[in-house]
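Using the UniProt record's numbering, you'd call the opening residue of the sequence shown number 1 and step up by one each time.
Derived from the structure by calculation, the hints contain no laboratory data.
Positions of the beta carbon are idealized from the N, C-alpha and C atoms, including for glycine.
Please note that a few of the clues may not be correct.
Restraint ranges, calculated between C-beta atoms of paired labels, are given here [said to hold, decoys possible]: (1) Arg169 <-> Glu302: 15 to 25 Å; (2) Pro217 <-> Ala125: 22 to 32 Å; (3) Glu252 <-> Ala207: 15 to 25 Å; (4) Asp17 <-> Thr58: 15 to 25 Å; (5) Lys14 <-> Lys48: 21 to 31 Å; (6) Lys256 <-> Arg169: 27 to 37 Å; (7) Glu200 <-> Glu302: 34 to 44 Å; (8) Thr39 <-> His273: 42 to 52 Å.
Straight-line alpha carbon distances no greater than 25 Å define the calculated BS3-like cross-link-like pairs of lysine-lysine that follow [claimed, not checked]: (9) Lys153 <-> Lys136; (10) Lys136 <-> Lys283; (11) Lys74 <-> Lys6; (12) Lys14 <-> Lys153; (13) Lys287 <-> Lys256; (14) Lys94 <-> Lys48; (15) Lys6 <-> Lys94; (16) Lys172 <-> Lys153; (17) Lys262 <-> Lys287; (18) Lys94 <-> Lys5; (19) Lys136 <-> Lys287; (20) Lys136 <-> Lys4; (21) Lys262 <-> Lys283; (22) Lys74 <-> Lys14; (23) Lys135 <-> Lys280; (24) Lys74 <-> Lys4; (25) Lys256 <-> Lys283; (26) Lys135 <-> Lys287; (27) Lys5 <-> Lys48; (28) Lys48 <-> Lys85; (29) Lys153 <-> Lys280; (30) Lys280 <-> Lys256; (31) Lys48 <-> Lys4; (32) Lys256 <-> Lys289; (33) Lys48 <-> Lys14; (34) Lys48 <-> Lys6; (35) Lys74 <-> Lys48; (36) Lys289 <-> Lys262; (37) Lys85 <-> Lys74; (38) Lys153 <-> Lys48; (39) Lys283 <-> Lys135; (40) Lys262 <-> Lys280.
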Amino acid sequence: MAGKKKPLVVITRKLPDPVETRMRELFDARLNVEDRPMTQPELVAAVKEADVLVPTITDHIDAALIAQAGDNLKLIANFGNGVDKIDVEAAARKGITVTNTPNVLTEDTADMTMALMLAVPRRLAEGANVLTGDKKWAGWSPTWMLGRRIWGKRLGILGMGRIGTAVARRAKAFGLSIHYHNRHRVLPAVEDELEATYWESLDQMLARMDIISVNCPSTPATFHLLSARRLALMQPSAYIVNTARGDIIDEESLVKLIQDGKLAGAGLDVYEHEPALNSKLLKLAAKGKVVLLPHMGSATLEGRIDMGEKVIINIRAFFDGHRPPDRVLPLRA
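Using the sequences and the accompanying hints, generate a full structural model.
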């Protein structure tokens, strides 16, 4: 972009300092210094004047908003991998390219998935609360805070993409047997490495697993993929962990099954209506039945800087006349 006018890049949320510094060096960058989600009028103003919009998962870039975009807006460079909040088809119809930041959050998200997989059956949150809460710890006893062992248990992974595979590698090291359901069977070499069993039937897998890890993307096809009917197939002693997207699980049905003792518990980092939280989940957390995290599965400094670098690479490639490396293609034009 040497010698060219710098594109106006509107960034909807505060990013790590190294990323913002680099953005200011390369672009006419308009930063969100308050670090709060933009209001709808602010988003409308942004798409009307920006050359590039850099949204995050808190922004709804729907067809109605895209229809109000000015002629200058040519690129939506998403700060994140998931584009479920962006109407990619509407953007394509208006001649706007969409990019994302894949492959940089795999290990961080897999780490958090494994952490929840340990935290729920081993009652880590309850144990921490014993020392930080109002009640005094009376000391160790043989029956104190008994949880469930995960070694030797069966893990069913829903979505065996990069994150699901990374989860499987970690879980195998912890002694779990690996099972998975995916749109397509993974390569034989991967199955051999992980000693993984493929289940063509999701229903059959759910009925046999001790732990289910949700690692598939949010799409119209995966909305409530874990429906009331499917959740009811799981064993009463089973746990479910979700670090993907909240709307993949019928949250109300999940709550009821745990309340009724038909599921052992859950570890959740994402929610169906976040940031709004189902009050029933908070009550279950107080009883030690669920561990709740505030969508922090990918929240590492290194990961966020890597995401920012991907955004910058995509913007520079676009304005240098090249195809951005992380372009998201519409499902239909």
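Comparing the hints with the structure gives:
no. : hint                          : result
1   : Arg169 <-> Glu302: 15 to 25 Å : 19 Å, holds
2   : Pro217 <-> Ala125: 22 to 32 Å : 28 Å, holds
3   : Glu252 <-> Ala207: 15 to 25 Å : 21 Å, holds
4   : Asp17 <-> Thr58: 15 to 25 Å   : 20 Å, holds
5   : Lys14 <-> Lys48: 21 to 31 Å   : 22 Å, holds
6   : Lys256 <-> Arg169: 27 to 37 Å : 34 Å, holds
7   : Glu200 <-> Glu302: 34 to 44 Å : 37 Å, holds
8   : Thr39 <-> His273: 42 to 52 Å  : 19 Å, violated
9   : Lys153 <-> Lys136             : 33 Å, violated
10  : Lys136 <-> Lys283             : 22 Å, holds
11  : Lys74 <-> Lys6                : 14 Å, holds
12  : Lys14 <-> Lys153              : 41 Å, violated
13  : Lys287 <-> Lys256             : 14 Å, holds
14  : Lys94 <-> Lys48               : 13 Å, holds
15  : Lys6 <-> Lys94                : 22 Å, holds
16  : Lys172 <-> Lys153             : 10 Å, holds
17  : Lys262 <-> Lys287             : 15 Å, holds
18  : Lys94 <-> Lys5                : 23 Å, holds
19  : Lys136 <-> Lys287             : 17 Å, holds
20  : Lys136 <-> Lys4               : 66 Å, violated
21  : Lys262 <-> Lys283             : 17 Å, holds
22  : Lys74 <-> Lys14               : 22 Å, holds
23  : Lys135 <-> Lys280             : 23 Å, holds
24  : Lys74 <-> Lys4                : 16 Å, holds
25  : Lys256 <-> Lys283             : 12 Å, holds
26  : Lys135 <-> Lys287             : 15 Å, holds
27  : Lys5 <-> Lys48                : 18 Å, holds
28  : Lys48 <-> Lys85               : 19 Å, holds
29  : Lys153 <-> Lys280             : 28 Å, violated
30  : Lys280 <-> Lys256             : 9 Å, holds
31  : Lys48 <-> Lys4                : 21 Å, holds
32  : Lys256 <-> Lys289             : 12 Å, holds
33  : Lys48 <-> Lys14               : 20 Å, holds
34  : Lys48 <-> Lys6                : 17 Å, holds
35  : Lys74 <-> Lys48               : 11 Å, holds
36  : Lys289 <-> Lys262             : 12 Å, holds
37  : Lys85 <-> Lys74               : 18 Å, holds
38  : Lys153 <-> Lys48              : 54 Å, violated
39  : Lys283 <-> Lys135             : 18 Å, holds
40  : Lys262 <-> Lys280             : 16 Å, holds
In the structure shown, a violation is registered for the earlier hints numbered 8, 9, 12, 20, 29, 38, in ascending order.
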